[in-house]
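Participant: Chain residues, written in single-letter form:
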Amino acid sequence: MIPGPFSYHRPATVADAVKLLSTMGDEARPLAGGHSLVPMMKLRLATPEHLVDLHGIDGLKGIRRDGNTVVIGAMITLHQLLASDEIAKSLPILHETALLIADPQVRYRGTIGGNVANGDPGNDMPALMMTLGASYRLEGKSGARDVAASEFYQGAYFTALEPGELLTAISIPVPAAGHGYAYEKLKRKVGDYATAAAAVVLTMAGGKVATCKIGLTNLSETPLLAEDAAKAVIGTSLDAATLKKAAAAAVAIMAPAADARGPVEYRKHVGGIMVTRALQRAAGRVG
Amino acid sequence: MAKTHVTMKVNGAEVEGLVEPRTLLVHFIRENLGLTGTHIGCETTHCGACTVDIDGMSVKSCTMFAVQAQGSDITTIEGMANADGSLHALQEGFRMMHGLQCGFCTPGMIVRAQRLLKENPSPTEEEIRMGISGNICRCTGYQNIVRAIQYAAARINGVEFKEAAE
Numbered sequence: 002m003i004p005g006p007f008s009y010h011r012p013a014t015v016a017d018a019v020k021l022l023s024t025m026g027d028e029a030r031p032l033a034g035g036h037s038l039v040p041m042m043k044l045r046l047a048t049p050e051h052l053v054d055l056h057g058i059d060g061l062k063g064i065r066r067d068g069n070t071v072v073i074g075a076m077i078t079l080h081q082l083l084a085s086d087e088i089a090k091s092l093p094i095l096h097e098t099a100l101l102i103a104d105p106q107v108r109y110r111g112t113i114g115g116n117v118a119n120g121d122p123g124n125d126m127p128a129l130m131m132t133l134g135a136s137y138r139l140e141g142k143s144g145a146r147d148v149a150a151s152e153f154y155q156g157a158y159f160t161a162l163e164p165g166e167l168l169t170a171i172s173i174p175v176p177a178a179g180h181g182y183a184y185e186k187l188k189r190k191v192g193d194y195a196t197a198a199a200a201v202v203l204t205m206a207g208g209k210v211a212t213c214k215i216g217l218t219n220l221s222e223t224p225l226l227a228e229d230a231a232k233a234v235i236g237t238s239l240d241a242a243t244l245k246k247a248a249a250a251a252v253a254i255m256a257p258a259a260d261a262r263g264p265v266e267y268r269k270h271v272g273g274i275m276v277t278r279a280l281q282r283a284a285g286r287v288g
Numbered sequence: 007m008a009k010t011h012v013t014m015k016v017n018g019a020e021v022e023g024l025v026e027p028r029t030l031l032v033h034f035i036r037e038n039l040g041l042t043g044t045h046i047g048c049e050t051t052h053c054g055a056c057t058v059d060i061d062g063m064s065v066k067s068c069t070m071f072a073v074q075a076q077g078s079d080i081t082t083i084e085g086m087a088n089a090d091g092s093l094h095a096l097q098e099g100f101r102m103m104h105g106l107q108c109g110f111c112t113p114g115m116i117v118r119a120q121r122l123l124k125e126n127p128s129p130t131e132e133e134i135r136m137g138i139s140g141n142i143c144r145c146t147g148y149q150n151i152v153r154a155i156q157y158a159a160a161r162i163n164g165v166e167f168k169e170a171a172e
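Chains as they are written, first to last, in our numbering: chain A, 2 to 288; chain B, 7 to 172.
Bear in mind the hints are in silico, worked out from the structure with no lab data behind them.
A couple of the hints might just be wrong.
Stated by the list, open to error - Here are the computed lysine-lysine pairs in the DSBU-like style, where the Cα-Cα straight-line distance is at most 35 Å:
| hint | chain 1 | residue 1 | chain 2 | residue 2 |
| --- | --- | --- | --- | --- |
| 1 | B | LYS168 | A | LYS188 |
| 2 | A | LYS188 | A | LYS246 |
| 3 | A | LYS43 | A | LYS142 |
| 4 | B | LYS124 | A | LYS43 |
| 5 | A | LYS90 | A | LYS232 |
| 6 | A | LYS62 | B | LYS168 |
| 7 | B | LYS9 | A | LYS20 |
| 8 | A | LYS142 | B | LYS9 |
| 9 | A | LYS214 | A | LYS188 |
| 10 | A | LYS90 | B | LYS124 |
| 11 | A | LYS188 | B | LYS124 |
| 12 | A | LYS188 | A | LYS62 |
| 13 | A | LYS62 | B | LYS9 |
With the sequences and hints as input, model every part of the structure.
Facilitator: As structure tokens, then:
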């Protein structure tokens with residue numbers, strides 16, 4: 002399978018990339034790791050006339066701590082995330098999630114920017130970014146703006162990105178020391194997208210949940226924040242009745258598609274189980 | 007579509023060629039360079055048969071364009087044997103432990119396992135299985151592939167290879 006013809010561009014700066022993308026409009030696509038786009042191009046489901054390869058832009062690489070925020074360049078690969086001591090220390094749930102994405106070869110190429118910007122409901126990072134309260138830096142010809150992950154996703158493959166805009170960095174507030182976390186992902190095999198997945202970040206005080214965020218992957222057209230489910234566990238010790246109530250509240254907002262991963266009822270059912278397991282495992286990690 | 011001139015190092019030799027932007031790296035390696043040890047399996051980034059080593063990374067060469075490899079340093083299965091022509095420890099391991107049947111996935115397995123052992127010279131069985139999880143084998147059930155990689159790790163580390171008890 003060979004993609005359709007295109008012109009190849011390799012800018013060295015964000016400004017040049019934005020200029021190319023704005024000038025060429027809808028016919029141009031940015032190329033990050035390419036592990037979603039290139040397969041789509043081979044199937045001719047995507048036929049861009051211009052590819053703007055972002056690999057030559059040093060400004061999109063790097064992981065830095067800025068006070069209580071970790072800033073990750075869009076072209077940081079999943080492999081680089083896994084190799085980062087800063088991520089392992091301040092955002093262990095990001096490490097855990099990256100390890101559940103695709104396979105080693107794909108993780109050497111696949112980028113966090115591509116994962117969050119593509120708008121594929123099957124991608125794992127978007128729900129996690131909403132759970133962590135992350136924001137995205139979008140740069141276009143009229144300047145830069147920051148958009149919260151929770152405001153970014155509008156539908157399957159539809160995001161807040163305007164034509165000509167590029168997602169250049171992700172800022173993640175570092176969760177409180179001693180927080181509990183878990184990303185639970187049910188998949189048919191290594192490398193598959195989630196049948197259902199749930200991200201949990203919580204803190205506890207005196208044996209009770211003090212704060213909690215729950216994100217859901219591939220259980221709707223967009224990633225979801227399960228706010229009622231999270232509210233249901235605040236102030237509790239995550240007893241069996243509470244877990245059941247939280248799972249039910251999360252299931253209530255799930256609207257997965259029926260596909261090869263299972264019918265709607267099954268995916269909602271296992272979605273509830275992922276929420277329960279993630280809550281329990283997160284609570285067990287509070288330290 | 008206009009062709010682009012590319013140069014890169016493959017198995018230690020400087021190579022060059024003219025490619026369309028849409029030419030996939032695996033096609034450049036097989037058709038322009040005549041190195042057909044790198045196989046095309048699924049063409050959908052799943053199977054890992056086309057795995058090559060690029061600048062210290064295991065990459066599925068069906069999911070990268072040849073123009074993107076400009077200036078890079080690539081190793082394919084043809085570059086695995088030792089300088090004196092003797093087999094690399096992984097090649098020897100696959101032979102000794104019967105790590106292949108039809109052999110289609112083997113080049114990708116060996117090139118991937120080489121990077122795995124460079125990053126983690128003494129992997130556990132679990133780490134080996136996760137490390138080759140991007141490479142699919144339809145024949146062996148992976149048991150002997152894992153043994154082959156364990157054999158190679160022992161050889162490289164200069165220790166005696168001991169098979170785990172059944």
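Participant: Of the hints stated earlier, which fail here?
Facilitator: Violated hint (a single one): 6; every other hint is consistent with the structure.
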